[in-house]
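So the protein lines, in turn, are chains A and B. For the first sequence, the positions run 1 to 244 when our numbering is used. For the second sequence, the positions run 1001 to 1264 when our numbering is used.
In case anyone wonders, no lab produced these hints; they're calculated from the structure. Treat the hints with care, as some may be off.
Partial list, computed: chain A residues near chain B (C-beta under 10 Å) [stated by the list, open to error]: (1) S51; (2) S55; (3) A75; (4) A77; (5) S78; (6) T87; (7) D89; (8) Y100; (9) S103; (10) G106; (11) L107; (12) H152.
Glycine is no exception: its CB is placed at the ideal position from the N, C-alpha and C atoms.
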Amino acid sequence: MSYALQVTSLSYAYQKHNVLEGISLQLQKGRFYALLGPNGAGKSTLFSLLSQLLSTNTGDISINAYPIRTAPRKALASMGIVFQQTTLDTDLTVRQNLQYHASLHGLNAKQAKDNIARELNRFNLEHKQNAKIRALNGGHRRRVEIARALLHDPAVLLLDEASVGLDMPTRDSINEHIRYLCKERGITVLSSTHLVDEVQRDDHLILLHAGKILLDAPCESALSARGVSDVKTLYRQLIQGETP
Amino acid sequence: MKYWAAFSGIVIRELRRFWHQKARLVSALVRPLLWLVVFAAGFRAALGIAIIPPYSTYITYDVYIVPGLAGIILLFNGMQSSLSMVYDREMGSMKVLLTSPLPRPFLLVSKLVAGALISLLQVYAFFVLAWLFGIEMSLLGYLYAAPVLFLTAIMLGALGLVLSSFIRQLENFAGVMNFVVFPMFFLSSALYPLWKLKESNTFLYYVAQYNPFTHGVELIRFALYEQANGMAFVITSLTAIVFCGAAIYGYDPKRGMYNRKAGR
Chain A
1 MSYALQVTSL SYAYQKHNVL EGISLQLQKG RFYALLGPNG AGKSTLFSLL SQLLSTNTGD
61 ISINAYPIRT APRKALASMG IVFQQTTLDT DLTVRQNLQY HASLHGLNAK QAKDNIAREL
121 NRFNLEHKQN AKIRALNGGH RRRVEIARAL LHDPAVLLLD EASVGLDMPT RDSINEHIRY
181 LCKERGITVL SSTHLVDEVQ RDDHLILLHA GKILLDAPCE SALSARGVSD VKTLYRQLIQ
241 GETP
Chain B
1001 MKYWAAFSGI VIRELRRFWH QKARLVSALV RPLLWLVVFA AGFRAALGIA IIPPYSTYIT
1061 YDVYIVPGLA GIILLFNGMQ SSLSMVYDRE MGSMKVLLTS PLPRPFLLVS KLVAGALISL
1121 LQVYAFFVLA WLFGIEMSLL GYLYAAPVLF LTAIMLGALG LVLSSFIRQL ENFAGVMNFV
1181 VFPMFFLSSA LYPLWKLKES NTFLYYVAQY NPFTHGVELI RFALYEQANG MAFVITSLTA
1241 IVFCGAAIYG YDPKRGMYNR KAGR
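Starting from the given sequences, assemble the full structure and let the hints guide the process.
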């Protein structure tokens, strides 16, 4: 079976400190995966390895069936990434930022124009397209970043704490929209967060703690198996079980 | 086709950024203009320039320093690009470039070319101002200078890229000014011919001889007078290739400094 994203025995150490220890993941196509873990769990390191900003010799990664060791560019082309830190060019407008991203993914002028119009419409950003990024609020900036990540029709969307720093209504609205996109476009979403209340019962939950995966299961079935009613309790149980 | 789309996208983005940062053009021109108008006026009488190639007659000091000042614009713009790379990395926007599904060397070279084109715009704006102050070259000289200005800009931009892969924080950039830019500038033929330097200090003369910026400046100087300087061309080209290779190495996630830096 081919997975949208497959990670096998992946390890990474910063100097002598192990950040990820032999983690394995298999993400199916068209599903939403919530990667939950406290700060320092290794979520951003995992995302940096997936996006090839970091590299390791221990373990393997395949995106959309393209191993990053042998087909790194095809793997990158199959992926849209929203980083934790905003990566928009604040001196440029919304449209100019999207154009830049389209060109970096090799979209020709017509493709770029069509896809930009589609994403601006989808994220209700048409009226902001000529506004400079620095004039936008945090919620709109995040929308632009997600629109940008979807511009080249990726099979996998990585969201690294994409809702950090946003107010509750904006956060909810963006999370809802992502889940809708996941169903509508059949893309696989891996969304990392340290906020328990962002995980929904129908998500697939991956719990990362101190570089190890403590749980990798549909949230609903994990709750039933542990006999708990909410994610917060489940999270506490699992984390406390690991904390000496 | 996709390579062309990416290349043009990177160039357009850099031009747009440059357009939005008009103060950058002004500051890039003020520095050489101060040298030309104030410094050269002061030293005009004190420093007579003998007949040395490519000049066929005695020239005044302000005429002598114009190629060097063009070199300064390229040098500072190369460092400015390096500064913006460090800024982009700190702000995160570098990740957008580095996660593009195109070969990283191609992306870095495209960025270098974009920076070099912006440098060229600034140098020609300076030539216009110098012309207004009465320092004029032939039209052919201005034309011949374009490719060598571009080559020198690539060499200095690549040096900036190498430095940006070493520098961890923007705050460390002051060190680059003190330990790279100023020594490169003052230990070159930009402000005085090397034979003058040799008269006062042989050691500094040899240091200046090995400074690639000296050869970039001489290449520009000869081209502005419609002449070729083979040695300067070879040294500038080889240095550009070495710096480009080092920059590509520096941004390679498997081997370079970017990975080690991220690991700290």
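Here's how the hints hold up against the structure:
1. Of the supplied interface hints, the one on A:S51 holds, with its beta-carbon coming within about 5 Å of a beta-carbon of chain B, less than 10 Å.
2. For A:S55, the interface hint holds, the least distance from its beta-carbon to any beta-carbon of chain B being 5 Å, beneath 10 Å.
3. Interface hint at A:A75: satisfied, since its Cβ lies 8 Å from the closest Cβ of chain B, which is below the 10 Å cut-off.
4. Annotation: A:A77 was flagged as interfacial toward chain B, and the flag holds, the nearest CB pair being 4 Å apart, inside 10 Å.
5. Using the Cβ-Cβ criterion of 10 Å, the hint placing A:S78 at the interface with chain B is satisfied: the shortest such distance is roughly 8 Å.
6. Hint status for A:T87 relative to chain B: holds, with the closest Cβ pair at about 4 Å, below 10 Å.
7. The criterion of a C-beta within 10 Å of any C-beta in chain B is met by A:D89, whose closest approach is roughly 6 Å, and the hint holds.
8. Because the closest C-beta pair between A:Y100 and chain B is about 5 Å apart, less than 10 Å, the hint holds.
9. The interface hint given for A:S103 holds, since its Cβ lies 2 Å from the closest Cβ of chain B, which is under the 10 Å cut-off.
10. At its closest, the beta carbon of A:G106 sits 3 Å from a beta carbon of chain B; the interface hint therefore holds under the 10 Å criterion.
11. Contact between A:L107 and chain B, as hinted, is supported at the beta carbon level, the nearest pair being about 6 Å apart and thus within 10 Å.
12. Taken as an interface hint, A:H152 checks out: its beta carbon lies about 8 Å from the nearest beta carbon of chain B, inside 10 Å.
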